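Peer 1: Here's the letter readout for the chains.
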Amino acid sequence: MATRISSTMPPGPQPSVAAAPPGGIADFDYSNFYYSSSDDIFAIFDPYNEWWYGHARNNGYYLYSQPMSTPPGPRIDLEEQMGHERLHLLNLASYNYLGLSYHPEVIDAAKQALDQYGLGAAGSPILSGTMEIHVQLEKAIAKFKQKDAAMVFPTGYSTNVGLISALMRPGDWVIMDQNVHASIVDGAILSKANVRFFRHNRPDDLEKKLSGTSGKRLVIVEGVYSMDGDEARLPEIVEVAKRHDARIMIDEAHSSFLYGKAGRGVAEKYGVEDDIDIHVGTFSKALGGMGGFVAGSQSLYNYLMGFARSRVFSCALAPAVSAGVLQALHIAEREPQLRETLWSNVAHMRGLLAEAGIDVGESTSQIIPIMIRNDRKIFGIARALQRAGLYLQPIIYPAVAKNRSRFRISISAVHTSQQLDEAATILSDVLQAEGMR
Amino acid sequence: MSGTNGAGGASPEFVKYHFRHAIGGFFEFPTANARKILPPHLHPVEPHHGQSVFSVMAFDFHKSMAGEYGELILSVLVMPRVEPGALLPRSAFYPFLLGTTTKAARDHAIARWHLPHFMENIDLAFDARADEIRIAAAHGGRPIIDMRITDYDWEQVSHRYQCFMHDADGSYMSTIVMDADFSENEEERGDITIHPHAFTAAIDRDSVNTMPFRELWMRDGLQTFHPLETLATAAV
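Protein chains in written order, with our numbering: chain A, 67 to 503; chain B, 27 to 262.
Extracted from the complex, chain A is given alone in its bound form (with noise of 0.2 Å):
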C-alpha cells in the first residue's frame, strides 16, 4: 500500500480500543442521555462527561471531527485527536461528489464574489441581505430543475425546516419515511401537524397510514437515503400518494446534480419531476459548497418569501458561497463526463467490494455503506483502517439500527481507479484482519 503515514508533532498517548468489559458505562451510547427527569437541567452533565471522558472518546468516539487542513479531496491531512499525529489519508468519506468543491473555477468564482460583496450578507434576504449573485442563483436552480422558481436557503437543514414548517399546521399530516433526515423531522415538529412515519421504502405501509388521514395530506421522501445509499422507490410512491390525493415532497440532497440524464435527481431518472410538488436539494453535497433550494411553482417561492421563518431570520447565504455555487451548478451542467466519471467509479468500486465479498447492505448509489453489524468492533476496525491509511466514518446506533454499524463510503468523481483499488485492498486486508471476511 502506497498510503504515507506522517507524524509532524510529538506522539501522545494511545487510544485504547480493546473491547471495553460490558456493562455499566460501557453499554451506553448517545441514546442514554437524551431522556432524563430530574430537578436540575445540569444533573445530566456529570453522568454525561463520565461516559465521554470516561469510555466514548478514548475508544472511538475521538474518530469524529478530527480536523482536516486540506481540501475534501481524495487525499486528505488531519490529525488525529489521540495521539496528534498528523495523517495523510486517502479520503472515501467526503461529499464531494464531484470534487467541485476545490475546482478552480469555482474559487474563482468565490474570490471574485468576496472582492465585490464582501464577507456576508449582512442582512436577512427578505430585508437588506438578497444580492445580485443570489438573484441569479435562483433563477438559475429554477432553470436547471424546470420549475417556475427556486428559493435558496442558508443550509440544507434551514431548508426542510423552514419550507415544511411553512406550509403545515395543527391538524395537517405530515407523513414521511421513517429514514428522513432530521432536517425534515424537525421541520414536521415545529409545524405542529400530525407525524406518522412509514417503514422505509415501503409504499404498502404508507398506503396503510395515509388512510383513516384527511385534510392537508404531506408525503415527504427522500431520493437518496444518506445512511443506506438506496433509492426511493419513487413511482410506487407517488402512486399511492397520488391515489389519496397528498401533496408529494422529495429531498434530493444526496441525488441531485447526479441522477437523471441531465442531473435533475431521482425524480427525473424515474421520470416523475412533475408529479412531485416540492423539490429540495442541498449545495453542500455535489456541487461542494452548502445552503439549500426549494424549487416549485412561482406561488410556493411567494408564499414561502413570507412564511419561511428559518429564511427570514437568518442571514442571506454568504455571497461569495453562492457565486462558488452558481459556478458549480454551471460546471455540473456543462460537462456531464463528471456524472458518467462518477457512475464508472462506482461500478468500478462495487465490482471490487463484490470480490472481496464485503458487505455492502441494500445500496444502488454512490454511497455505499460497508456493512460491520458489530456496534462493539466497528470502533476497533475504524481505528486500524485508519492506521492503514484510510478515511472513513463509523456509523453506528442511536444513527442506524442497534448492531446496523456500518462504514459510509462516498464515490466522487475525482477518485481515481488506482485510489479506489488502494481503498478496496486496504478495506479487504483490514476486515480479514479483524475477523470480519
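Honestly, I wouldn't trust all of these hints.
What follows is a set of in silico ranges between Cβ atoms, one per label pair, in the way DEER data are often shown [claimed, not checked]:
hint : chain 1 : residue 1 : chain 2 : residue 2 : range
1    : B       : Tyr187    : A       : Asp495    : 38 to 48 Å
2    : B       : Arg231    : A       : Cys381    : 20 to 30 Å
3    : B       : Glu146    : A       : Asp106    : 42 to 52 Å
Treat the hints as calculated values from the structure; they're not laboratory data.
Computed from a predicted model, the values in this text were never measured in an experiment.
Ideal Cβ placement from N, Cα and C applies to all residues, glycine included.
Once you have looked at the hints, place chain B on chain A.
Peer 2: Frame of chain A; chain B shown alone:
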C-alpha cells in the same frame, strides 16, 4: 419530585429473583396512547416524534421468595430519573399491567412493589430453541399475547434499570439490576400477535407493528430489586 429511600413500608434489603429466560420486545405506538397509560409525572421516550415505546416482557422465574412462576409485563418506556452522584440507568420503564401464573407471586409483587396486576392467574408457556424463543400467554383458554424473539450475539451483562410504580397509595421507583447472558438486536425478525383481551385493552392494537423494532433475550440470570423509593410528586 424527589426520592426518599426505604419509605413505603419496604425493608432495605435487595430482593433477588432467578430466571431461566427473560425476553422482551419493543414496539412503537402513539404517544397519545402512552399518555393515557402514564401517570402525569412520567413522560414517555420517543424514538420517533409522536411515537413512544410499548414493551412486552416475559419472565420464567425458577427461584424467588415468591417461588417458581411466570410473569408477563406490559410497560411504557419513560424518561429515567437522574440524581447527582447516582449511577445512570440503561433505561426506565413504567409497568402498567402484570400477569402472573401464581397467586403467591401476584400477592408478593403487589404488596412489596405496588405493581398493578391482572387479578387472575394466566398461563405462560416458553418454547426456547437454538436461535429463537416463543412465548404464549393465555387466560382461561383465551390467548393474550404470542411473541417470538430471535437471538444475536451473546454476552454477559449487568444492566441497571429504573422501574416506576404508581397506585392509589403513591408513586414509587426501584432500581433493578439484571445480571445475565444477554442478546439484543434490531433485525426485525421477531413477531407478535396481541389478541383482543382485557389484559391488552389499554393498547390500540392496530397501531402496534407485528414485529418488534428491538428484541431482547436474557437467559440464566438474576434480577435484583433495590429498595423501593417513595417519590414525592405533586402529581400523585
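Peer 1: All hints are to be evaluated individually against the structure, with a verdict given for each.
Peer 2: Each hint, compared with the structure:
1. B/Tyr187 <-> A/Asp495: 38 to 48 Å: Given a distance of about 41 Å, which is inside 38 to 48 Å, the answer is holds.
2. B/Arg231 <-> A/Cys381: 20 to 30 Å: violated, 50 Å
3. B/Glu146 <-> A/Asp106: 42 to 52 Å: Given about 44 Å between the Cβ atoms, the range holds.
Hint compliance for this structure: hint 2 is the single one not met.
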